[in-house]
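**Student:** Next come the chains, spelled out residue by residue.
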Amino acid sequence: MTALAISNAVLWLLVLVLSAVVLALVRQVGVLHERIAPAGALMLNRGPTVGEPAPVLEVADLDGHPLRLGSARADGRSTLLLFVSPGCPVCKSLLPAVKSSRKDERAWMDVVLASDGDTREQREFVRTQGLDGIPYVVSAALGLAYQVGRLPFAALLDEQGILRARGLVNSREHLESLFEAKRLGVASLQQYFSGAV
Amino acid sequence: MIDPVIGALLAGSFALLFAGAALHKLLDPARFHAAFTAYGVLPPALARLSAVVPLLELTVAAGLLVHGSRVGATAAGAALLVSYAAAIAVNLGRGRRDLACGCGGPNDRRPIAAWMVWRNLCLVPLLGVSVLPHSARGLQPADALTIGAGTAVVALLYMSLDHLLGRIQPRAVLLRRAP
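Residue numbers (our numbering), protein chains in the order written: chain A, 1 to 197; chain U, 198 to 376.
Hints listed in this document are in silico derivations from the structure and should not be mistaken for laboratory results. Everything hinted at is true.
Quick list of simulated restraints, FRET-style, between CB atoms:
| # | chain 1 | residue 1 | chain 2 | residue 2 | range |
| --- | --- | --- | --- | --- | --- |
| 1 | U | D225 | A | L11 | 33 to 43 Å |
| 2 | U | L253 | A | A72 | 54 to 64 Å |
| 3 | U | P330 | A | G130 | 52 to 62 Å |
| 4 | A | V29 | U | R291 | 29 to 39 Å |
| 5 | U | V287 | A | R120 | 24 to 34 Å |
| 6 | A | I36 | U | G265 | 51 to 61 Å |
| 7 | A | K99 | U | L253 | 30 to 40 Å |
Some chain U residues well away from chain A (every beta-carbon gap over 10 Å; in silico):
| # | residue |
| --- | --- |
| 8 | I199 |
| 9 | G217 |
| 10 | A219 |
| 11 | A244 |
| 12 | S247 |
| 13 | V263 |
| 14 | G265 |
| 15 | H331 |
Selected chain U positions facing chain A (in silico; Cβ < 10 Å):
| # | residue |
| --- | --- |
| 16 | G237 |
| 17 | G345 |
| 18 | M356 |
Bear in mind the structure is a predicted one, so any value in this text is a computation, not a measurement. Every residue, glycine too, gets a C-beta built ideally from N, C-alpha and C.
Can you build the whole structure from these sequences, using the hints too?
**Tutor:** See below:
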């Protein structure tokens with residue numbers, strides 16, 4: 001009986017240690033996955049092709065100012081189109097990064113936010129998230145033209161109106177990968193890593 | 198008829214699960230409120246219920262540990278698990294695969310997935326087992342070891358599985374698809 005009790009106690013101790021080791025290993029595997037996964041914005045294989053002219057659309061922002069998206073710009077500036085929605089929690093957490101990127105990259109790039117749906121709700125979203133000063137377009141046609149399926153989605157147009165990068169952006173790293181893609185002249189980080197430049 | 202040690206082990210493990218879930222929600226109520234309303238299964242007028250959910254979970258956790266309230270707490274806990282599964286299933290059915298699940302710690306923004314529905318549905322019968330009548334065996338000091346260490350091992354393995362299915366599996370899928 002004593003032998004059994006001691007063996008049982010020792011076994012429990014070993015199982016406990018083993019479970020702790022398994023948890024530690026699993027977390028370590030998670031860290032490794034985070035390191036090796038491409039940090040670029042996920043490219044979805046539909047919608048306008050990177051490297052080709054973006055669809056040209058005449059839209060108006062919430063204040064009624066007309067905007068012409070996708071055409072060549074005389075002032076030589078690029079445009080970052082970011083598709084968001086008031087009902088998307090990831091969009092809200094991404095907005096601070098968008099605002100600071102807008103400030104950091106203001107030398108060469110303008111940010112245009114795009115959404116779809118109830119205008120009153122959009123105004124409320126702009127007010128609560130402090131997006132005044134950033135053009136905010138509500139247009140279903142725009143989302144359709146870029147085949148936006150998941151949010152937050154970004155598309156980077158250069159001064160010629162050529163689509164330079166696009167993809168799902170969940171974090172600041174993803175957002176910056178779009179700028180990096182334009183700088184390096186590659187369509188996506190996947191393409192960059194595979195050497196098919 | 199189950200051995201009291203099995204019953205205590207199950208009750209302890211589920212109490213830990215519910216208390217942990219409540220703690221995550223109480224640490225960041227604003228974030229949970231956003232996730233709760235984003236599910237869109239309740240009318241907006243009931244959005245304030247998000248504050249009640251963690252309290253309900255805490256009550257279930259405490260109720261599972263007290264002999265007299267075990268049956269009621271088990272029923273409430275099973276109802277919670279099934280309603281979470283239903284809310285996730287409804288949103289997966291709507292195609293909202295990027296909806297934040299509202300589970301996990303403050304920095305965990307993992308989206309909802311089908312495995313979460315199956316997990317909850319598997320947990321319900323296990324929770325049900327804990328209210329089966331206990332055999333009249335007197336507990337000995339060695340049983341304390343089984344219950345204590347057993348609960349700790351269950352918790353560690355649950356966290357490992359959760360991490361594997363929630364964090365690593367989706368990334369592994371992405372990696373496999375990458376060129």
